[in-house]
Amino acid sequence: MDGLPILTVITFLPLAGALLIAFLPSTYARPVALGAALLTWVVSLLLVIGFSASRGGLFQFTEEVSWIPVFGIEYKLGVDGLSLLLVVLTTTLSWISILASFKPIQTRIKEYMISFLILEVGMIGVFLALDTFLFYIFWEIVLVPMYLIIGIWGGANRIYATIKFVLYTLVGSLLMLVAILATAFAFQATHGGDWTGAFDYEALRTFAASGGGFDPTLQLLAFGAFFLAFAIKVPMFPFHTWLPDAHVEAPTAGSVILAGVLLKLGGYGFIRYGLSLYPDAAQTYAPAIIILSLIAIIYGAIVALVQPDLKKLVAYSSVSHMGFVTLGIFIFQPQGMDGAILQMVNHGLITGALFLLVGVIYERTHDRTIARMGGLAARMPVYVAIFGFFVFASAGLPGLSGFVGEFLTLVGSFAFNPLTAAVASFVMILGAAYLLWMFQRVATGELSSFLSGLGSHLTDISPTEILTLAPLMALVVAFGLFPGILLDIINGSVDRALSDVNGGAAIAIDPLVLAIGLGALAAVVVLRVVTLPMFRGRASAETSA
Amino acid sequence: MTFEDLVTIAPFVAAILVAVGVVVADVIVPGRRTIVLAVAFAGLAIVTLLTITTGATAATAFGGSYRVDDLTTYLDLIFVGTVALTLLFAPDYLEARRLPMAEFAAVLLFALTGAMLLAASADLLVLFIGLELMVLPGYLLAGYHKSDGFSTEGAIKYFLLGSFSSAIFLFGLAFVWGLTGTTRIAEVADQLAAMTATGGLSAGLALGLAFMSTGVAFKIAAVPFHYWTPDAYQGSPTPVTGYLSVGPKVAAFALILRLFVEALGPLKLDWLPVVVVLALLTMTVGNLVALTQTNVKRMLGYSSIAHTGYILVGLAAYAAGRIEGLEGLLFYVAAYSVMNLGVFAVIAALQRRPGVTSNLDTFAGIVRREPALAILMTLFLLSLTGIPPTAGFFAKAYVILAAVQASQAGNEVLGLLAVITVLNAAAAAFYYLRIVVYMFMRDPVSDEPSMAHGRLMWTGLAITALLTIAFGLIPGPLLEIVRAAARAIG
Amino acid sequence: MGLANSLDAYLVLSGALFAIGTFGFLARRNAISMLMSIELMLNAVNLAIVAFGSFIPTLKADGSIIALMVIAVAAAEATVGLAIIIAIYRNRKTPLVDEYDHMRR
Amino acid sequence: METLIPLIAALPIAGFLFTALVGRRLGKQAHIVPVAAVGIAWAIAMVVVFTALTGGFGEEGRSVKLWDWIPAGGFHIEAAFFVDNLTACLLIVVTTIGLLVHVYSIGYMSHDPGYWRFFAYLNLFMFSMLLLVLGDSWLTVFVAWELVGLSSYLLIGFWYRKNSAALASKKAFLVNRVGDVGFALGIMAIWVNTGTLNIRESIQVLTSQPLTAFPIPIAIVALLIFAGAMGKSAQFPLHVWLPDAMEGPTPVSALIHAATMVNAGVYLIARANPIFASAPEAMVVVAGIGIFTAILAASIAMTQTDIKRVLAYSTLSQLGYMFAALGVGAWTAAIFHLMTHGFFKGLLFLGSGSVIHAVHEEQDMRKMGGLAKKIPHTYRTMLIGSIAIAGIPPLAGFFSKDEILGEAFKLGFTWVWAIGVLVAVMTAFYMFRLIGLTFWGESRVDKVVEPKIHESPRVMTIPLWLLAIPSLFLGLFLSWPGPPLGPLFGQEGPGLLAGWLEPVYKQGFEILGRHEEAFAIFGIDGVLILISVAVAVIGMVAAWRLFGVEIGRLRRRGNPEQVTALSARAPFLYRASLNKWWFDELNHLMFMVIGGRIAAFLWWFDANIVDGIVNGIGTVTRLSGGGLARVQTGRVQNYALGIAIGLIVMVASYALMTGGG
Amino acid sequence: MNLMIAAIAGAIITTPALLIFVLGGGSVDDALFAALATLMLTSALLVVTMRDIIRCGLAMIVAFLALAGIYVIVGAPLVAAAQVIVYIGAISVLILFAIMLTESKDAPSILVFQTQAVPAAVASIILAVLVTLGISATDWGAAAVRFRLGTEALAQALFRDYILPFEVVSVLLLAAVIGGVFIAKRETGDPG
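In order, the protein sequence lines correspond to chains A, B, C, D and E. If you're matching positions, the first sequence starts at 1 in this note's numbering and goes up one per residue. If you're matching positions, the second sequence starts at 1 in this note's numbering and goes up one per residue. If you're matching positions, the third sequence starts at 1 in this note's numbering and goes up one per residue. If you're matching positions, the fourth sequence starts at 1 in this note's numbering and goes up one per residue. If you're matching positions, the fifth sequence starts at 1 in this note's numbering and goes up one per residue.
What the hints contain is simulated information worked out from the structure, not anything from laboratory work. For clarity, every value in this text was computed on a predicted model and none was experimentally measured. There could be a bad hint or two in this list.
As the list claims (entries may be wrong) - Quick list of in silico lysine-lysine cross-link-like pairs, BS3-like style, CA-CA up to 30 Å:
id, chain 1, residue 1, chain 2, residue 2
1, D, Lys162, D, Lys447
2, D, Lys506, D, Lys65
3, C, Lys93, E, Lys185
4, C, Lys60, B, Lys268
5, D, Lys374, D, Lys447
6, D, Lys374, D, Lys452
Work the whole structure out from these sequences, hints included.
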């Protein structure tokens, strides 16, 4: 496999598919797109086979071509355990969502498939790029197709949502660009004005690791910029408000990819760049980030409780779940990091599946309002069974993959500071609460008048739809029972990332700080709860299920 | 006047001859646009050839009043390209409105000669005349659709304010002459270096600088001297708008390079703050106002103002001591030229049928009617936004890099400028994407049949699109040229 | 007391003329008056240039030549300007520039 | 053994998967595979149990490793099974009762459309429960912990069309989750303290080193684990879910909510006995909560009218006993009571199921009465169960309950003993109230149903009798030849069960410094026995006086007026008992009302503050743009003036740079 | 009537010159300069203030004449000549012609002056002041006396140093004419 540049192949196979679609009549759009995605998936599986987990911390299959020699910018790809997982996740979810959009998407199918494949190119590229400049380019490439997917095939309020999504993301990423350039220049300046390696991730990393690394102020500023970009993508509280809008408006497959992969870009960026290039700054920021993560975990779950719209509920649950990712990363504990990465993968699978499931209902009812559902179990038993499976998976039921990541993160944070673990583990209750409540309102009880009104339209889940969900179920079970598969792959990357931030030796969060952070939130809440008038109406409306 | 002199100015002379040739051709066989175009393109080809061949070796002519170096060559190529592309885009539009091709081509080519002279001038008087020769045709082109109220209105606004600023600029120039006692750029620079070495900026020089800065700021449409831009752009025939947004602007930057960077180089640190403030105002105001526009041509007028701001960042970085700033500026103008020409070309194509406005809702759902144009438009808009891998992105990255370097070299305010630049870029995304929204995500207001577009139009669009991508994807070659050009004066 | 021999006198004079021209340009409504004001400004500049020419030793002849060029340029400008003025007068039937405000904001 | 032990758990899960996938098509044959699976599992389990109790695994037991589950660096978890005598005891209860309930269900659920689904769920539960008792590491136990929660959720909500069932199942899962959080944190604490999650290794570390060596105080660890136990075993204040859980089919109540799952907490603490032994303060808490739950539940059980709810509260109260026992350190007694209670309470529930079956899904005892003749098998078996639970010798309940009370007293927890005695009175009372209202007196059954009343089929009655047998003799069997009867017949040494569990508790006892003192049958112990027998009788007789009795010659009519009079005499206590001390209302206020408002507020906060800021920025930008556009008047002169002003500013600024020009 | 005005104007203009000449003891040149300067400024002011645009045009011619005179004094006769030929001969005529074309007649001041006339005035005065200050504050390294310039020297310079601009200006004029003609000429079917 050394002969052919397999990474380039993986990255640009979808593009080839897109071009093909562009030149074929639109009737071929669906099969070609699916074919391309499947092919990419297969190749990515080959990658897994060829990958040597024992050297998981090192970049393998690296390709290097000089691109803009003037600045030493290179077309450099490589894969380590971390990126391998995420790439496979991407390729898997891609073909699944393409398959899932066969029926829902009927207009402008050609453009749709093309943008979807280009989206895949961008996402894979982000994970494989080993050159900060290249990374940034892929990062931005992701933006455009998603913008179109939401904006063209989205719901009623799609334009507001998509513009919000793009602008929000752009603010972050452009600042990140400044940071990338600043870093590169700092590197060049310290290497006698020689640009070679100024954008090369590994060179930068070794420099950052070697005594002192980058100048402290530069680190603070640059990490700040990176943080903003990633925090918006993840999304961390309080940068998350674009997410519910985007999810609600996006077509099903769009939501799947958005939740399944796009959010992971942030977490990946933190581990790959945030920690490795600016260790000291990472240490400095860590407490704040940890507090934000805790807030996100609890806050997201609580807000999810009262969402009237299925997709919004899942969206807020994403905020909560991704909080675990950032928490796990920034406590600088091996278990935490392991957990964070697992959480990324599992959230991708489970939340992706949940969005697919919501899509299934939406296909039949053209509605997502929880209040109008009810009693589905009577009419769609198989669907409800699968739905229940993923609901519990998302609630972190042991034996399914969701649990391992969550629990590892908690273990790590407990080792870091029991208080954080105590706070975070509350989500075990809250998560179960909003998920089961939702499940109860949708699936159980007598069939709601709205649903019975649909009559024969309310058919049980179709084989195609099952086909999209089955692989996810299989993976969720497999990773739940044998998380070792994943852990072996990522261990190397985790150790390296942690050694980059010198094992978090220095960082220790002052419980006081934590208390203040949470206290602030609590204070606001209490303050408003004691004086309720302005939303009593809604409160009663939402709590009466 | 020796033979060497003639060789040196050969491209310039050739350009003049092409212009005259077009007129003559039209006199011989009136109203045959094919012949006109044939002559024009053939001539431009020759000009290009000469530029490349003679540009290879730096030389001066006419007692050092005319100078050829890598910068000259680079700029000349941009000018020639701009004019050639404009000539590709114009015919469909003019034909539909029964406007003659010959005069258009001739005037445009005269403008080209002016721009080339600007780029090559080593003498302030030549510089001034080149400037006039560049702008006067501009006024005429703006009013080229003379039976159209908007066109002429734009033209007269452009003309009156333009000549007003010319007068101001010239007044400043006069002071410089008076103080330095010479018109040769090199000597001016030496004189100024000597003067500033002893006791800084003298009052007269300050006056001169002020007047010249104002004049130049006007020509590049920097806030608060930009007022003419939106009206002129909106009013002019769309292909002309495309040209106006690129040719005169780039030429004005050539003027800056020759006058401020070269002649007034010794006063760098004195005009740096002014440039910083101008850049800041220009990009911010440009973008903010563009947000509220509903007429695409006008919106893009403001956007071009904003881009002036970005380019000025490069200039500021240079003034703060980073040659990269100059490189960034030069790269940016090239990128800016292709993408802006492209974007206006698409609008021109859409307006082929007379009476089609450039209002936003004209663009509603055109992807149904004109998918190719819609996609091209999107490409150019993305480039203007600065999304990789496009020319616009790399250009922006370049000037930002320069600014960052300058700030790390101790001029922190440049760092601030860089940050504000990217924030602006983010805000700008809103109105660029708004057009995309209309094209792809709205339903068409009227169901007109799609229009046929001439082969020339498609060729031009193809070229611009390719360059837009190429500059972003493989900027290497262009970078080399740019650096050489920058070294010629930096 | 040698007014005619002091450069400043000429320069101040030209400055004054320039200011008057500016005022005209800002204050008048008629396109042609504005054009005339511009001509005044250009002449002011010319005066300054010529004055420099005959007081700054190194400039010598250059002053006059520049002045001649400027005059020529001014002529060209006037031609173009008048042409445009006539054109728009055809469209709008008024020479008052501030009524050419169909494009704004 | 390497294959047998895993098979015990593997068979039910296989049965579950099979039934879940194809059961729908099997119709009325759906039960064959699941019941067979459990049956075989039972057989194997018995083999394993026998080997274990005959010392086949040695003192420390036998563990079987399957695979490395979570190899996350220092955090290494194996998927492994472990069997020792404690496990063996639990296996007996779980597999036996499980099997009987399966059989019983064949009859009970025969008319239900979800027949196959029911058996699938039952198998899933069996797997989870077996995994729980077999788990070799804390995390495995936790997994099972959650899985039993899941299967209980599924079974409680089995009749998903009933909203009450759906709500009850949700409530059960959530309340359990509260406990689970504690358990999870406890596990983390153990890992942080010991660096391993293998139960025996971690306990080894915890007991071998000085307490000060651990970052997390051991008392905290103990309490966290206890929190988990409270959730599953429904101890106050997490007891609220169990009564509602009666929404599920009766076999479920018998299996999960009486005999097996609710005992998980007891098992857990017994398993962790050295940890608790090292944290006396924690043990006091356990004892306190246990005995409080006991009396609280008993007080409620006295007035409930729903036959299953009475049994549910009785279960709570009995569990309270067990925890009290665990708290005072009478671990053997706890397990003893766990086993006996498992059988007779299972019996009672299945019996009540049979009753309900007979009167056509009627659960209100006020609409029963006089059923004794109509459904004799059910009546007899249930009577046995009641006597057993009431603590009348020589039935099973007497031995275990007496051991608990006796130990409590002798270990100096007099207050526990006192309350325990009180509870014993109440127990006897409410059990015979139940029997009286249901089987004796004249019938109050709906006239329409009256003639259709019939005894349940054999497939249901046989399990009842099979359960009646251990209810009769298990106590004697397990305590023999030890106290209390052993000494009477001049026997020596500890009872059978005590002998079995001795190795399990060795460490714990050592830490507590306990030593077996001689059993004084003619001394203190005898007195205690007499007392507990006496109080049982008192309670029984009191019930007879109020609700009548019809045993053989002993006949007496109930006396409703006196009942109302009594309840009127202590109105508050009566209402409190009737309304279950208003715990459901409290929870509703706390979680639905206040919690709901908090959530609603946060949503408002999100939409208007967090997002408001974001959108606000956008709006401000847009508006400022509009403002700036105002400059563009379209008038050349205005523009020119602008330029002129700009020029002036420019001149001024440059002039400043010259330093005043 | 017009003669009257002209006479009065002449009187006003010549007074400062006479004052300088008689009282200030300046040379004839000084006096002439003063006179011409005054004349120029006055007529320039008239250009920008008078209502009747035709008179403005005439006043402009006067101003240019005066300027030409000043050129002579300062020692650039050739420029003076060019001034007379080009401006008075060509441009002014052009302008007057345009005035006829656009029928801009005598008009009430509301039609003459912008609403912003006052700020405009202020701005221009400030500008003038600033410029004057600047000029007076600067040492231009000027010679004590102006020197006259011989025509041949001029030609020398023109054809040695400035041949290029000289040629280019012709191109400029050519362009202006071609374009101007096109824009100004009335097309068939055009309105007006």
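Hint-by-hint comparison with the structure:
Distance restraint check for Lys162 (chain D) and Lys447 (chain D): the Cα-Cα separation of roughly 26 Å lies within the 30 Å cut-off, and the hinted pair is therefore satisfied. Under the criterion of a C-alpha separation no larger than 30 Å, the hint pairing Lys506 (chain D) with Lys65 (chain D) is consistent with the structure, at around 25 Å. The suggested pairing of Lys93 (chain C) with Lys185 (chain E) holds, with an alpha-carbon distance near 16 Å, which does not exceed 30 Å. Restraint check: the Cα-Cα separation between Lys60 (chain C) and Lys268 (chain B) comes to about 29 Å, which is no more than 30 Å; the hinted pair holds.
For the proposed pair Lys374 (chain D) and Lys447 (chain D), the alpha carbon gap of about 15 Å is at most 30 Å, so the pair holds. Between Lys374 (chain D) and Lys452 (chain D) the CA atoms are separated by roughly 10 Å; this keeps the pair inside 30 Å, and the hint holds.
The structure shown violates none of the earlier numbered hints.
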